[in-house]
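2 protein chains.
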Amino acid sequence: MTTSTELPKLAKGTLRIIPLGGLGEVGRNMATFEIDGKILIVDCGVLFPEETQPGVDLILPDIDSVKDRLDDVVGIVLTHGHEDHIGGVPYLLRLKRDIPLIGSELTLALVEAKLKEHRIKPFTLTVEEGQVEQLGPFRLEFVAVNHSIPDALAVHITTAAGTVLHTGDFKMDQLPLDDRLTDLRAFARLGEEGVDLFMADSTNAEVPGFTPTERAIGPVLSDVISKTPGKVVVASFSSHVHRVQQVIDAAVENGRRVALMGRSMVRNMGIAEDLGYLDVPEGVLIDHRKAVNLPDDKIVFMSTGSQGEPMAVLSRIAAHNHQIEVGEGDTVILASSLIPGNENSVFRIINALIKNGANVVHKANANVHVSGHASAGELLYCYNIIEPEYAMPVHGEFRHLVANAGIAKQSGVPAENTFVVENGAVLEMRDHQVRVVGQIDIGFVYVDGSTVGTITDADLKDRRILAEEGFISIFTVVEAATGNIVVGPEIHARGFAPEEAVFDDIIPGIQKALKEAVEGGTRDQYQLSQVVRRTVGRWVNTKLKRKPMIIPVVIEA
Amino acid sequence: MTTSTELPKLAKGTLRIIPLGGLGEVGRNMATFEIDGKILIVDCGVLFPEETQPGVDLILPDIDSVKDRLDDVVGIVLTHGHEDHIGGVPYLLRLKRDIPLIGSELTLALVEAKLKEHRIKPFTLTVEEGQVEQLGPFRLEFVAVNHSIPDALAVHITTAAGTVLHTGDFKMDQLPLDDRLTDLRAFARLGEEGVDLFMADSTNAEVPGFTPTERAIGPVLSDVISKTPGKVVVASFSSHVHRVQQVIDAAVENGRRVALMGRSMVRNMGIAEDLGYLDVPEGVLIDHRKAVNLPDDKIVFMSTGSQGEPMAVLSRIAAHNHQIEVGEGDTVILASSLIPGNENSVFRIINALIKNGANVVHKANANVHVSGHASAGELLYCYNIIEPEYAMPVHGEFRHLVANAGIAKQSGVPAENTFVVENGAVLEMRDHQVRVVGQIDIGFVYVDGSTVGTITDADLKDRRILAEEGFISIFTVVEAATGNIVVGPEIHARGFAPEEAVFDDIIPGIQKALKEAVEGGTRDQYQLSQVVRRTVGRWVNTKLKRKPMIIPVVIEA
Chain A
1 MTTSTELPKL
11 AKGTLRIIPL
21 GGLGEVGRNM
31 ATFEIDGKIL
41 IVDCGVLFPE
51 ETQPGVDLIL
61 PDIDSVKDRL
71 DDVVGIVLTH
81 GHEDHIGGVP
91 YLLRLKRDIP
101 LIGSELTLAL
111 VEAKLKEHRI
121 KPFTLTVEEG
131 QVEQLGPFRL
141 EFVAVNHSIP
151 DALAVHITTA
161 AGTVLHTGDF
171 KMDQLPLDDR
181 LTDLRAFARL
191 GEEGVDLFMA
201 DSTNAEVPGF
211 TPTERAIGPV
221 LSDVISKTPG
231 KVVVASFSSH
241 VHRVQQVIDA
251 AVENGRRVAL
261 MGRSMVRNMG
271 IAEDLGYLDV
281 PEGVLIDHRK
291 AVNLPDDKIV
301 FMSTGSQGEP
311 MAVLSRIAAH
321 NHQIEVGEGD
331 TVILASSLIP
341 GNENSVFRII
351 NALIKNGANV
361 VHKANANVHV
371 SGHASAGELL
381 YCYNIIEPEY
391 AMPVHGEFRH
401 LVANAGIAKQ
411 SGVPAENTFV
421 VENGAVLEMR
431 DHQVRVVGQI
441 DIGFVYVDGS
451 TVGTITDADL
461 KDRRILAEEG
471 FISIFTVVEA
481 ATGNIVVGPE
491 IHARGFAPEE
501 AVFDDIIPGI
511 QKALKEAVEG
521 GTRDQYQLSQ
531 VVRRTVGRWV
541 NTKLKRKPMI
551 IPVVIEA
Chain B
1 MTTSTELPKL
11 AKGTLRIIPL
21 GGLGEVGRNM
31 ATFEIDGKIL
41 IVDCGVLFPE
51 ETQPGVDLIL
61 PDIDSVKDRL
71 DDVVGIVLTH
81 GHEDHIGGVP
91 YLLRLKRDIP
101 LIGSELTLAL
111 VEAKLKEHRI
121 KPFTLTVEEG
131 QVEQLGPFRL
141 EFVAVNHSIP
151 DALAVHITTA
161 AGTVLHTGDF
171 KMDQLPLDDR
181 LTDLRAFARL
191 GEEGVDLFMA
201 DSTNAEVPGF
211 TPTERAIGPV
221 LSDVISKTPG
231 KVVVASFSSH
241 VHRVQQVIDA
251 AVENGRRVAL
261 MGRSMVRNMG
271 IAEDLGYLDV
281 PEGVLIDHRK
291 AVNLPDDKIV
301 FMSTGSQGEP
311 MAVLSRIAAH
321 NHQIEVGEGD
331 TVILASSLIP
341 GNENSVFRII
351 NALIKNGANV
361 VHKANANVHV
371 SGHASAGELL
381 YCYNIIEPEY
391 AMPVHGEFRH
401 LVANAGIAKQ
411 SGVPAENTFV
421 VENGAVLEMR
431 DHQVRVVGQI
441 DIGFVYVDGS
451 TVGTITDADL
461 KDRRILAEEG
471 FISIFTVVEA
481 ATGNIVVGPE
491 IHARGFAPEE
501 AVFDDIIPGI
511 QKALKEAVEG
521 GTRDQYQLSQ
531 VVRRTVGRWV
541 NTKLKRKPMI
551 IPVVIEA
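Same order as they appear, the protein sequences are chains A and B. Residue numbers for the first sequence follow UniProt numbering, beginning at 1 and rising by one. Residue numbers for the second sequence follow UniProt numbering, beginning at 1 and rising by one.
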């Protein structure tokens, strides 16, 4: 964890806002709001690692600036139940279990299921749209927003310094499946009253126009299913209740039953059904182990793995490593986006499925996915309805933040009031005036096996070197007086595999170098090991044109 | 290299066709044609590694089936000068330098420049469209095709067994920049005479409709340049002569000079200009070291790095690691496709450039790229004009080959005459009848540092484990009689970085396990090292929830 700059003392009546994650990246969304000694947190998500961060399980927001202040935290508002907004909660609650979680019914149910795996039972406050709560110096009003998971909320924060409207993730589907619209009437009323700072989801700010309605997908799913003589497998996100609802509806229309597959899919849809967010007609769901006994044209398998995750159901089906076989006459639908960086994994699966004879339907060849985020056109509506004094785009890579800021400016937010900032930016609001006053260092906090924050960027650099070059280790025991080798050298190499015999070339060189060093007066084991490193390094660079990691160990006997 | 199945003896008058690369992948295109003891090779390209093949420089076609027959090879036809068609030539010619290379003027000039770096001067035969050559039992007719590099050729092969038309890579731009159309008159004539087997580029077979003309990009480039107050940097492929031509033309229109940057860009455009494929008005080109002294609005930098390659010019500019600074008022144009797998690298650069203040124009926000490959509509034209008896789609992932085969069938090629096959498929043609008769094993041949074909898939698996988990090595010298440790254990770990002190936990365990093993009668050094492996493995899995590679070395003193 990076040490953050010491934050200055905050004047009474001033609101300090620090985005700790989600700016300049897609994931680990988190922001803190502090006034009069109390802190409010909005969201605490995880970021998934890139190919440059091999072996890392998750990346958490850097909470260094708040970790000694947890007693002052009045609560964590969770805008919705996606991993990039709630996934970091267990790691935060490990430090202090009784920080209250505030969110909608579904959001809290999902985070509670997650916390149960970490053996934490949280303090919660369930809220719904329109509800107002006072938490210390923060007056919170929750506003319904539409997203790719039900029950998402924006939060309007009123403090002595002024007001903030934070959208969470949202879009403005005008025909949502659950008829729960993004509440533009509330946005209008809040705008009328005066929103000082607007923090809006930037994910799709580069996309012109409007995000199509989720409802458009249903007929396509039904049509594809109706034309499939065999099995249908649909892969999508395991929390996308409305997408799963449409798959269930399309299955029922076509006289098919539905088997949910994948641990997170089964768990999340169980929660959604129990709470009434997912409507499953009696007798439609069937356990997938029983479903394999149904005729092929009577079943739809609804699975995880749409991003090519190697251990998920879809990958295993494609690799013939699952009891469900997919082939000629069967259809696989990837009803999902293609998250950048996953292309190779996803196309590997698509190719394997096609090779097995299946018909594969995906976003590129049919209308089986719509985004969960507001496009540029919708953002413009929001800015025009709310007319904020200041804007700080959140949730997205730098290019997304810049595009969102562009929309803010188009709508009339003054350029100097539009803040395109990075994680760790320190903003202050006083008397409804907002300015950027500083920047704290924000690092990556890696979850890796059982460790949190132990793995460093230097370790990841080592991993990348090991991946690209492999390593060579040389162990030897030398006679202290002469430098003569008495044990070894034992040479081991992995990942670049010269023949064993190749090592014979270098052994005399190592002996010669060690003897010369000892004769030259070198006695220290570390320095002798450096002699070996240089000798082996030169040889391997010249001979094999590679730069493996070299681990020399010389012990004096 | 995988051992290939022994190929059966070939009956006189029968043509054997084996695609050795490029089927089920995008790259390392190569096919062999054999009749009456003589072999013709078409193309010999490289494949670029994926993220699952870390450290690999290049992947070559597996030439195991032909490497003992090089004396029988009458020549290598190179359809055009792209790396995925010519990049493997130096490695093949290292085995036998005097195999003749047959190709167009530009293609041969590019491969000769490449061979010069390998210190090989090849035997060449320059051909042009319409030309006919007899090489042993093969009558070759070359046909002009249009692609994203000038001077590309399809090749029509006539043998005693029948005829093959191989497109190489192509599209059918009807308004090409150099007015050199794909020669549909020749396709029509050859079809009229009877094409037995048609081998067509599948890359864009999934894309509906028609690939737009290269000419459409010119006005967009000029418009973007005209609106840029500062510097313009354009990144594209280093062999895309027509794209560079359009950049030069747009620069001239806007009163700017052009500096070429990147070793391959400078080399290839030098060749193209010398041979008259690139038309550069007097005084337009300027060395980039001098160009930095021009006013910003008088210069366009034309660079490599459009795929996010970390060492290329564009990456270095984005990282402030280049003498050219890009910021407010400047525009960077990525006039290129986004090859799947490169998304994260490319967007990392785009974000960095935007953060520096630059305007970034790319395929997703402006019409600055068109593909070099025929879309489904164009392929359908070809099949209809040629009316082949048989079709074997080439060049593409499995999904592309299947899409191409679908088009063949739509056009009337019988399904049983449409071969969707993988690398190593063995086809035979006799009396104009084609069938698939076998399959040889095809492996990946990795170029890695100075080695070719030495690195195995097992090594790559090791590299992936090292990348994800790191390693731990334990060296120790024990007393043979007692199992007492006399030197060590020396424990080293990289890539998962527990504190040094953590190792202290496990040292007593190692001593105990070794003593018990020796007391139990184990004497063998290998078996003792396995005792250490198990002990350390159990500990690290339980304690750290990781599975690093474990390298135990036990030596008996």
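FYI, nobody ran anything at the bench for these hints, they're computed from the structure. Hints may contain errors.
Pairs involving identical chains hold if they fit within one copy or between any two copies, as the list cannot separate such chains.
Claimed, not checked - The calculated SDA-like cross-link candidates involving lysine to any residue, where the alpha carbons are at most 20 angstroms apart (straight line), are:
1) Lys-461 / Met-549
2) Lys-96 / Val-74
3) Lys-545 / Arg-94
4) Lys-547 / Thr-454
5) Lys-461 / Glu-51
6) Lys-38 / Glu-328
7) Lys-38 / Asp-178
8) Lys-114 / Ser-337
9) Lys-67 / Leu-95
10) Lys-121 / Arg-215
11) Lys-409 / Ala-376
12) Lys-409 / Asp-441
13) Lys-363 / Leu-338
14) Lys-461 / Gln-53
15) Lys-96 / Val-284
16) Lys-227 / Gly-329
17) Lys-545 / Thr-454
18) Lys-545 / Gln-53
19) Lys-409 / Pro-100
20) Lys-363 / Gly-209
21) Lys-547 / Gly-230
22) Lys-38 / His-322
23) Lys-355 / Gly-24
24) Lys-545 / Ser-222
25) Lys-543 / Arg-435
26) Lys-298 / Gln-433
Verification of the supplied hints:
| no. | hint | in the structure |
| --- | --- | --- |
| 1 | Lys-461 / Met-549 | both (11 angstroms within a copy, 17 angstroms between copies) |
| 2 | Lys-96 / Val-74 | within (12 angstroms within a copy, 76 angstroms between copies) |
| 3 | Lys-545 / Arg-94 | between (48 angstroms within a copy, 18 angstroms between copies) |
| 4 | Lys-547 / Thr-454 | between (27 angstroms within a copy, 16 angstroms between copies) |
| 5 | Lys-461 / Glu-51 | both (12 angstroms within a copy, 16 angstroms between copies) |
| 6 | Lys-38 / Glu-328 | neither (62 angstroms within a copy, 40 angstroms between copies) |
| 7 | Lys-38 / Asp-178 | neither (37 angstroms within a copy, 70 angstroms between copies) |
| 8 | Lys-114 / Ser-337 | neither (24 angstroms within a copy, 41 angstroms between copies) |
| 9 | Lys-67 / Leu-95 | within (8 angstroms within a copy, 64 angstroms between copies) |
| 10 | Lys-121 / Arg-215 | neither (37 angstroms within a copy, 64 angstroms between copies) |
| 11 | Lys-409 / Ala-376 | within (12 angstroms within a copy, 42 angstroms between copies) |
| 12 | Lys-409 / Asp-441 | neither (28 angstroms within a copy, 60 angstroms between copies) |
| 13 | Lys-363 / Leu-338 | both (8 angstroms within a copy, 18 angstroms between copies) |
| 14 | Lys-461 / Gln-53 | both (9 angstroms within a copy, 17 angstroms between copies) |
| 15 | Lys-96 / Val-284 | neither (43 angstroms within a copy, 67 angstroms between copies) |
| 16 | Lys-227 / Gly-329 | within (10 angstroms within a copy, 54 angstroms between copies) |
| 17 | Lys-545 / Thr-454 | between (33 angstroms within a copy, 13 angstroms between copies) |
| 18 | Lys-545 / Gln-53 | between (25 angstroms within a copy, 18 angstroms between copies) |
| 19 | Lys-409 / Pro-100 | neither (37 angstroms within a copy, 63 angstroms between copies) |
| 20 | Lys-363 / Gly-209 | both (18 angstroms within a copy, 17 angstroms between copies) |
| 21 | Lys-547 / Gly-230 | neither (53 angstroms within a copy, 41 angstroms between copies) |
| 22 | Lys-38 / His-322 | neither (52 angstroms within a copy, 46 angstroms between copies) |
| 23 | Lys-355 / Gly-24 | between (39 angstroms within a copy, 10 angstroms between copies) |
| 24 | Lys-545 / Ser-222 | neither (57 angstroms within a copy, 44 angstroms between copies) |
| 25 | Lys-543 / Arg-435 | neither (59 angstroms within a copy, 47 angstroms between copies) |
| 26 | Lys-298 / Gln-433 | neither (62 angstroms within a copy, 43 angstroms between copies) |
Consistency with the previously given hints fails for numbers 6, 7, 8, 10, 12, 15, 19, 21, 22, 24, 25 and 26, ordered from lowest to highest.
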